[in-house]
Every structure is written in structure tokens, then in C-alpha cells.
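Given the structure of chain B, go ahead and fit chains L, X and G onto it with the hints provided.
There are 4 protein chains.
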Amino acid sequence: MLKEKGSHREKLSGVFAPITTPFDEEGNLLLDKLASNIEKLNQSRLRGYLVLGTNGEFKSLSEAERRRVLETVMKASSRDKVVMAGTGHESTVLSIANTKEAGAMGVHFASLIAPSFFAKKMTDQVLSRHFRLIADASPVPVLLYNNPEVAVLTFSTGLIGEVSRHPNIVGMKDTSKGNFASYLLAADPDFNLLAGSANFFFEALVMGGVGGVLSIANFAPEACCRVYDLWRAGKLEEARREQYRLMTLNQKVSGRYGVAGVKAAMDLAGFYGGPPRSPLLPLTPEEKKRLRDDLSASGFLSADSP
Amino acid sequence: MLKEKGSHREKLSGVFAPITTPFDEEGNLLLDKLASNIEKLNQSRLRGYLVLGTNGEFKSLSEAERRRVLETVMKASSRDKVVMAGTGHESTVLSIANTKEAGAMGVHFASLIAPSFFAKKMTDQVLSRHFRLIADASPVPVLLYNNPEVAVLTFSTGLIGEVSRHPNIVGMKDTSKGNFASYLLAADPDFNLLAGSANFFFEALVMGGVGGVLSIANFAPEACCRVYDLWRAGKLEEARREQYRLMTLNQKVSGRYGVAGVKAAMDLAGFYGGPPRSPLLPLTPEEKKRLRDDLSASGFLSADSP
Amino acid sequence: MLKEKGSHREKLSGVFAPITTPFDEEGNLLLDKLASNIEKLNQSRLRGYLVLGTNGEFKSLSEAERRRVLETVMKASSRDKVVMAGTGHESTVLSIANTKEAGAMGVHFASLIAPSFFAKKMTDQVLSRHFRLIADASPVPVLLYNNPEVAVLTFSTGLIGEVSRHPNIVGMKDTSKGNFASYLLAADPDFNLLAGSANFFFEALVMGGVGGVLSIANFAPEACCRVYDLWRAGKLEEARREQYRLMTLNQKVSGRYGVAGVKAAMDLAGFYGGPPRSPLLPLTPEEKKRLRDDLSASGFLSADSP
Amino acid sequence: MLKEKGSHREKLSGVFAPITTPFDEEGNLLLDKLASNIEKLNQSRLRGYLVLGTNGEFKSLSEAERRRVLETVMKASSRDKVVMAGTGHESTVLSIANTKEAGAMGVHFASLIAPSFFAKKMTDQVLSRHFRLIADASPVPVLLYNNPEVAVLTFSTGLIGEVSRHPNIVGMKDTSKGNFASYLLAADPDFNLLAGSANFFFEALVMGGVGGVLSIANFAPEACCRVYDLWRAGKLEEARREQYRLMTLNQKVSGRYGVAGVKAAMDLAGFYGGPPRSPLLPLTPEEKKRLRDDLSASGFLSADSP
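Line order of the protein sequences matches chains B, L, X and G. Okay, so the first sequence: first residue is 24 according to my numbering, each after it adds one. Okay, so the second sequence: first residue is 24 according to my numbering, each after it adds one. Okay, so the third sequence: first residue is 24 according to my numbering, each after it adds one. Okay, so the fourth sequence: first residue is 24 according to my numbering, each after it adds one.
Chain B extracted, bound-state conformation (with noise of 0.2 Å):
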């Protein structure tokens, strides 16, 4: 019944933007917005979207918003558009009734990050049992979601080595600093990883990563697929200029800012960013006014206009 995991990898070759959600000011969601952020994006060449990620900010979402959070892209994304949700919670059952239910919703693929309130207990052993069991239950395949900054646990090249074998758990979003090539040497060969940083994206895709998820594809997307089709073009040299370009505009926004910054750039490129939820914090007026001048800086942002 489950296909081939090297079936998913067209599926999963390319850009893909971590959706936000948008607020208002006092915190309610704009689910028009999203949709409106949908319908520009679908006219990029992104292979798709990630709903509900850290730059979704999912964790402060309540159940009912965070299912109409993916109702809404679900409808607004366009037919080409490879869609991603993520589904993990604490616990292995909410984790799976999470991905039965985006599964049902049709997303192509469900993300899962590791449970990590009790890390220390989060052995190879319990980490693999956990994904595997949802593995098992879910409608569609599944992609880890490793991310040390949010997550606190990082993934051991063991445990990728062994998971990876899974029918349905297909590839693996990383976000860690300096494991990209280990997983991949330890992984099964057809097993699909994608950067989950603007920062190393080029290189992920130079030691064998099939795409990236990336925080600035949110409002930069051609800048971001640029790199990869010239990669794949052969371009090396052009690719890795445009990869310094990227990073350093990444470092100004997400690495300055976080998901607050990916927002106020997004406002600055023509789609609604918006506030980030409270306790998180708007860019103040001079930060914005700050990133306004680097993304005018940066060139990136004539050749994004939606």
C-alpha cells in the first residue's frame, strides 16, 4: 500500500515555505490573510508549503486554530503545491489523531517534531518507538523534524540510521548546525533530507539534500529557488554567490529577529506578516525601519514582488 520512498523524492525536490499565521494586534488569527499569502505564494515557484511549523508558530495555537490554520491552506493552495503539516504533539496518541486528521484533510505529508518536554527521557530507543508507531498509523508519509533550537534534543545519527528504514517515514527536515552530511551518511539512500536553514541550504544541497524549508521563502521565494535551480543547473560558482547573498539576508531577518522578522519582512514584500503572537514581540519601529534599509540592500526583495 505505502509506495516506494524514492517515489516521494519529486514530491519533496525544492523550496518550500514554512507558512506563517497571521494575527491581528491583539492576538485573534486572519485566516483571510493566510489565504491571501497562499494564493501570492502559489504564483512562485515553490514546490510547496509547511503549515503549522515553528514559524507557524504552532505551539500557540489552540486545537479548533490550529485546524482552521490548515483548512485554509488547504484550500488556497494551488494543485501543484506539495503541502507539509505538522502533527506532533507530546504524546505518540495525540501525535498520531493529529496526522489521521491533516492526513484526511489531504496533506501530502505530515512533519514530526520530537516530544521534548521530558528530553532526558527521550532516549534513541523511546524516540524511535514514538515515530514509529505513528509511522505506522498514519495515512501519509511521514518527514522528522529536527530542530535543537525549538526541540532541545537533537536527532543521533543512530537514530536516523534506523528510522530512515521505515516504509513510511520518508525523509527529514533538519534545522541543526553541522549534521546534515552525517544523517545523510547514515541514512537509508533513499531517504529524503531537506535543509531546514537558509543558512546551509546550498551546502545541504551540495552533499546530497534534496531541497530546503526555509524561513525567508516566506517573502523571497524566487531568491531561494534561485540557488537551487542554479545548483541544479550545474552552476556552482553562481550558486554559491547567491547562497552568501541568501545567508546574509537570512541572517538579518530570521537570525536577528526570528519568526518577528520573517513577519515585518513579509510586510515589506507586499504579503501580510503581521505581529507574532504575545509573549513574542513585534520588530520595534527602529528595527523595522533597520530591516527595511537591509532588504532594500539586499536586491532581493524587486525580484519577489508577489
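If you're looking for bench data, these hints aren't it; they were derived computationally from the structure. Incorrect hints may appear among the rest.
Note: identical chains are not told apart, hence a pair may lie in one copy or across any two.
Claimed, not checked - Here are the computed lysine-lysine pairs in the BS3-like style, where the Cα-Cα straight-line distance is at most 27 Å:
no., residue 1, residue 2
1, LYS144, LYS56
2, LYS144, LYS275
3, LYS98, LYS144
4, LYS144, LYS311
5, LYS123, LYS82
6, LYS143, LYS311
7, LYS200, LYS275
8, LYS98, LYS311
9, LYS98, LYS200
10, LYS312, LYS56
11, LYS143, LYS275
Bear in mind the structure is a predicted one, so any value in this text is a computation, not a measurement.
Quick look at chains L, X and G alone, frame taken from chain B:
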């Protein structure tokens, strides 16, 4: 409208059990077991309960399950017991909603864990604003919950110095290592500090703490109360001796196995512990046997049989 | 040949100053200043001195300089003072050489910091073997020095439980946060534990510690001795109050500025502090002014003027 | 007087072996073995050597031993090899003394590890001042050495951006994970970056690094040079394949066993490895057997037999 902070001291003085959440082997909630545990603990000299905390695996529950757990405890708890409920959420607005709901259900205190998914952004300024907004909106007095092991970040003494002056932030449960006296020194004199671990319960009392929220109070409430009573009676030497016994026990249960160990010890002590929710694993048969031997050797259980 | 471990208790009971190493502005060693500091401290009720420790900036000294510092202190120290000398080195063989040399120079105890350059390889087994080899070869009893802030690693209670049984490993200075009682619980009953920070000196005594090696004893020896004496006299309430005063002072000196702050406070208290050795920087004029105000407000200095 | 920084590029381009220090079973220095190792490596295509680095266990040597090691290498090294020597010390003044002495002995570059005993005080300002003072006084060009695993702290990109402009700070060996491209982006264009680990040697070259200081070059110099040569020849696909082979080997030697593993592999490859200095332990017989099997399977050794 808000009472004097010092007036809460009596309610917070003594030992609290951070109630575990009973599940069956499939991870289904067993509310009747929860009720009967509470009824047994009602017979003890515990000052009260903390519901939906770390030992309650609150992060592994759905929103509806949390509600039912709280309802069950409020109904089962005897009138003389004080109930604190964990109401913290990654977002301010949902923390407020949880806190209002818990207040309406009759809890005496709301306990707020720090939002930590975006830990790097949680500056003192951000955390202060978050906690103040919740405290302003809360119908009940608020306690902070400092637990770096699960919530990643450690509150600075500067933060505690500041927020402890808020009229509705009346105390803190501190589970961090080696900071208790620093918080007492920094805080408003009326701020109430409770030890969040049996490992330093006695030292906390010596330095000016008012009580403790101790995982082993779930199955050995009298042993915990004994340290407290000896200290209050001025029997320093005996209190210290009891503290070392408590610490030994705590290391062999919570220290070694976490929530799973507390639950296994509850089973041995005549309560319903049951398994933790997956991905946490229950103790293996070998671990259970070792625990049984450790508890027998400790001599605590007989005195605590409910 | 080796005396009973318990027999060392008297020598280790009380307050020790971890002697600073005086330099001029160019970083040259000032041995006469060192001698005169010791002569002043000889008048205090301090139990003794720790030479070549963290506050002695021993890692910033050459081998020849360390030798001269130790010679100077041995000559200047009065007969009633106990001298501990830091002799730990990254290699076992050089730790042994240092320890023998210090023993031949008449120090009463050798203090061994953990080798930590290859911290990941420093398992309990490796550390136990290292400390045992040194203790076997040492002409004087040996103390361990647990300081995660500078030596990266924290001794496990298992390690301490084991090595505390060695006849020539007679105690430990513990600077780590929140582990003191755990070490006491794990260690041989005759093992002598000293607090390595004024932040928890009183708690350490309450739990069974025999003394403290306190940076602020370099300039406020009487304030430190007062906590010790009040505790010994059974005046718990007064001792606690003094402890909080000590902690306040300690936070404003060592906590805020480290060795540079201790030295600046020594200058203000009539000792020679001088600058730390580069790359450490001395306090700025603004910091010195703030420190002077803090010390004046503390009321400690007058009572401690040498 | 100082040559242009870019002019050092040729000397720094290629593969360097971080030379190990040979000891006998009692920890005595074996300088003849050191000399013969160097003589064998002189036959390889290595660009040169790093003496007194982490793999040289420099922290486990006495001052006199370090001097003799350096003398031995300078005498044994052939004229075409470039020699870097570790001269960093916890104090600025002793770092300068070491650097001058090494310069007088004819080393081409001094390599400076960060002082880290007082890691919390090592702000960018403090580190910049420290490195600049040394570079100002040094008779030879200076390289920084960034290794968070042993030196605790990680250089900020801001620091590197700044000090890379100093005319006598000409490059850096970076062993940290995932920062290489960020340093390149921040640094002066003439600054020379070398990978400090085989784990990311190829990626480092792709991003603009000039070479690598690779522990496995001690016993498999040709395997390391092959990656470099293939990359220089524009054979991307083959270079990547070789990189993965190198990484596999590196994980099984340095990754698993550290210096002890490198030495054991040297023994297997016809060099003198011998035991590391205590407290580091040599490989057990079982580990040696496993290593022999791993090396045989790798197919590297035959091509590298000296």
C-alpha cells in the same frame, strides 16, 4: 480587590503533591482512578495538590482531557486542601483563557510555567510582560513555575525581583538547582517560595521557603510532611536526618525514573499509578523489582499506607 | 602511614581564603604584595588559605611563577593557618609531580581540579583512576575541587561515593550549584566537604559541610567567619541573616566581576588587589565606583579592616 | 614589514596533519618516534604540520616538553612543509612569550587557541584585545583556532569579522560545527579558513576554505589529499564521494576514540602512535580489533602506507 500577598502564605505553607494523571495501557484517561487517588490523599496531612503540572504530564494531554482532569480533582478534593492548577501555555492569550477557566472551576492558585518554545526570545522583559498580563487578567492569585529541566530556561533573579512585586503574582515553585536562596533574596518579602523537588526541601525551608511541591508526596505524603513538621518544631537535627532519607528515596524514584517511577511507586503504595503516556515508557519488570526493594528498604511506605 | 580521614576534619573546619595572585599593570608578579596580604590575613580568624586556585589565576601563571607563589605563601603564612595548594594538571604524571613538589614545600593539602581539556573523555572511570593515582603518590592528603564553571565537568555522585573511600582523598571543595547535599549523601561519612562559594556557605554547613573556601574571605574574612561561628553556636536565625548579607556582598563582587572584582574589593579593604592578568580586564572606573558604594552600603568593611 | 595577508594563502592551501605526541607506556616523551613520524609524513603530499595542537595533547605537556617537541619537529620537517605551532596560553603575556619563542625556532605560523578558563569573561572585546596584542608582538603570522569542544567557547562572527582585518591575523582553523560559511561571510576576503575536522572538509572547500587540519591526516594523508585534489580539479562528484569515505573513517577513529583512536590508527598504518598520556586511556584490545577491521574495510590504509 486583590488580597495582600502575605495573606496567601498560610494557604501555601506545607507540602503539596503534584498529582499524576492515571492512564490505562492504551493511554486512555482513567478519571475514576484519579478521583480515588485524591480521596486517599485527602486523608493525609498534605496542604494540597498541584494539578496539570510536570508530573501530571499536562503536555501529553489534549485540551479536553486537561479540563476533565481538573474537574475531577476539584470534585474529589476535600475542602481543607488547597488546589493549584497548571494553566501556562506557549501563548499569552491562551494562558489567560486557561487561567480564567481554572479560576471559574474553583482552583485556589494558577501555576504558570514559562513559555519556552522560543526560549531564545524569552528575555526578562518578554517574560515579565507575559506573566503580568496573565496575572492582571487572572481571577485567582498566580504562582510562577521555574523548571529549567522541562521549560529550558531559568528565571533570572532580576525577573523574580521585579514580578514578585506584582500584587497578583504571589509565589513561585522553584525546581531549579541551587537558586532558591537567590530568589528569596531578590524577591519581595511577601513572595512565597516553594521547593519543587524533595532534593532540597529542607534547605529551602531553612532559607525561608514556605513549603514544597514534591513528586514523592504522591505516594509518601507523611514522609514529606514529617520533614516539614520537624522543621517547624525547631528540631533541626531530626529534620535534617529525615531530609536525607527523603532525598535517598527521591533519587531512587523521581531521580532515576521520573514520572514513570513516581507512578510505579504509587502502585506499590496502594494508589493507582499505572503507566505514563507514550512515548514515556513504564518501568521494566526488573526496574519495578528494584524499586520495590528500594521502597521496602526505605521504611517509608508502611507509615504512608493510605 | 596515612592518618585516618576523620582526623583531618579539624584542619578543614572553618573558612579558607582562595588567595589571589598580585600583579602590576604589566602583568608582572608582585611577591612582596602577596606576602603582605598573607601577613594581614594571618591576623584574621580564617582557618587557612588555598593557593593556586581559580581566584589565584593559576592557569595564567608559568610553572616557575606558580612555584614562587607557593614559596611566598608558605613563608608568609603563620603556623596556625592551614595551607591547601592547587596542584592539578591536565596530565596525571604532571599532577603527581606538582603534588609531590607542593608536599615537599610543606602544604597541608593538595587540591585537585579535574582535567577537562578532553572533557568528553573524562568518564567516572577515567577520573577515578586519575585521582587515585595522584592520591597514591601524594605525600599529603588530597582534596578534590569540583568547579563546573571553570573545569566544565561536574563530578557525579557515583564518582564521589567511590573516591571518597580512598584513604588519602579526604575531602572536596564544591563550587557547583545545588549538589552539595547529594555529595554528602553519597560520600564516605569521614569525607570533608567545603563550600566553594559564599552563595551557599550556610546551607552547606546546615547540611553537614565542614567549612568554606570563599573568595570574599580575601577582603572580608571576619564576615565569613561570623556565619561560621554563629552556626557553630547554634544561632540559626542570626547565621541565616548573616548568610544573606554575605550572599548580597558576594553577588556584587565575585558574582558580577569574578577575580577582577575580588581584587578591586581587596584594594578598597586595605589589601593589595591590583589588576587581574590579561586577558582578564580590571574594573573600569565606573565599576570601581559602584563597587565602592556597594561595599560601603554593606557595612562589612569596617569590621574587616586589617 | 608584514606581508599582505593574501600572500599567505599559498602556504595555507592544502592538508595539514595535527601531529600527535608520542609517549611510552609510562607517559615519557619519545622524541625519536616523533622525528620518524615526521620523516614519513615528509614523503606525503601534505602541505604541512600543526604541532602542539589538540591532537598533540599540548595541555598535557610541561613547558620544557613543549619546547622539545617543537624543536624535534622543526628539525625533522622537510623544507617544503609548512609548520604551524600552537602557542596559545591562558594569559596574554605567556601567549606572547610562547609565540616569540616559536617564531625564533622557525615556525611559519602561530596557532592561537582561545583562553577559556574564565570563559564567561571572554567577551568579544576581551578576546579581540588578547589576540591583537599577541598578533602585534608576534614575529610570524597568526592563525586563530576555534574549537568549542576543548576551548568551551565559540568565536562569534562579529569577532572574526573584526580581527580578520588585523594585518598579522591571517587565518583560522575552525573545528566548530556548522559555522564555517558564516565565518567566511563575516571575515576579510583575504582571511584564510581551514577546516579543523574531516567531517566537513569538502563542504569547507566548496564554500571557500583553503584547506584542512585533519586528525586522520596523521595516518591517512593521501586519502585527505585526494579530496583536496579532486576538488581543485573540479571533480565535484568524485570529491564528494571521497569526502563521504573520509567522514566514515573519521567517525570511526577520531569521532569514536579521539586522540587515542588516532594514535591506534597510526600504529596500524606503520607510524608510531602509542598510548595517549594519562588520564586519557589507550584503546582496549577489543577496541583495537574493531578499529583494525574498520580500517581494513575502509581500503584507505594500503594507499597510505608510508
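Hints, verified against the model:
In this assembly of identical chains, the alpha carbons of LYS144 and LYS56 lie at most 27 Å apart only when taken from different copies (25 Å versus 40 Å within one copy). Within a single copy, LYS144 and LYS275 get their C-alpha atoms only as close as 36 Å, which misses the 27 Å cut-off; across copies the closest is 16 Å, which meets it. In this assembly of identical chains, LYS98 and LYS144 lie within 27 Å of each other by CA distance neither inside one copy nor across copies; the values are 39 Å within and 33 Å between. For the identical chains of this complex, LYS144 and LYS311 are inter-copy neighbours only, at 17 Å across copies versus 41 Å inside a copy, given an alpha-carbon limit of 27 Å.
Proximity of LYS123 and LYS82 under a CA criterion of 27 Å is satisfied in both settings, with 19 Å inside one chain copy and 20 Å between copies. In this assembly of identical chains, the alpha carbons of LYS143 and LYS311 lie at most 27 Å apart only when taken from different copies (20 Å versus 39 Å within one copy). For the identical chains of this complex, LYS200 and LYS275 are neighbours both inside a copy (18 Å) and across copies (21 Å), given an alpha-carbon limit of 27 Å. Taking CA atoms no more than 27 Å apart as the test, LYS98 paired with LYS311 passes in neither setting, with 32 Å inside one copy and 51 Å between copies.
Taking the closest pair of Cα atoms, LYS98 and LYS200 never come within 27 Å of each other, the shortest separation being 35 Å inside a single copy and 41 Å across copies. Proximity of LYS312 and LYS56 under a CA criterion of 27 Å is satisfied intra-copy only: 23 Å inside one chain copy versus 55 Å between copies. Proximity of LYS143 and LYS275 under a CA criterion of 27 Å is satisfied inter-copy only: 16 Å between copies versus 33 Å inside one chain copy.
Going down the numbered hints, you'll see the structure goes against 3, 8 and 9, while the others check out.
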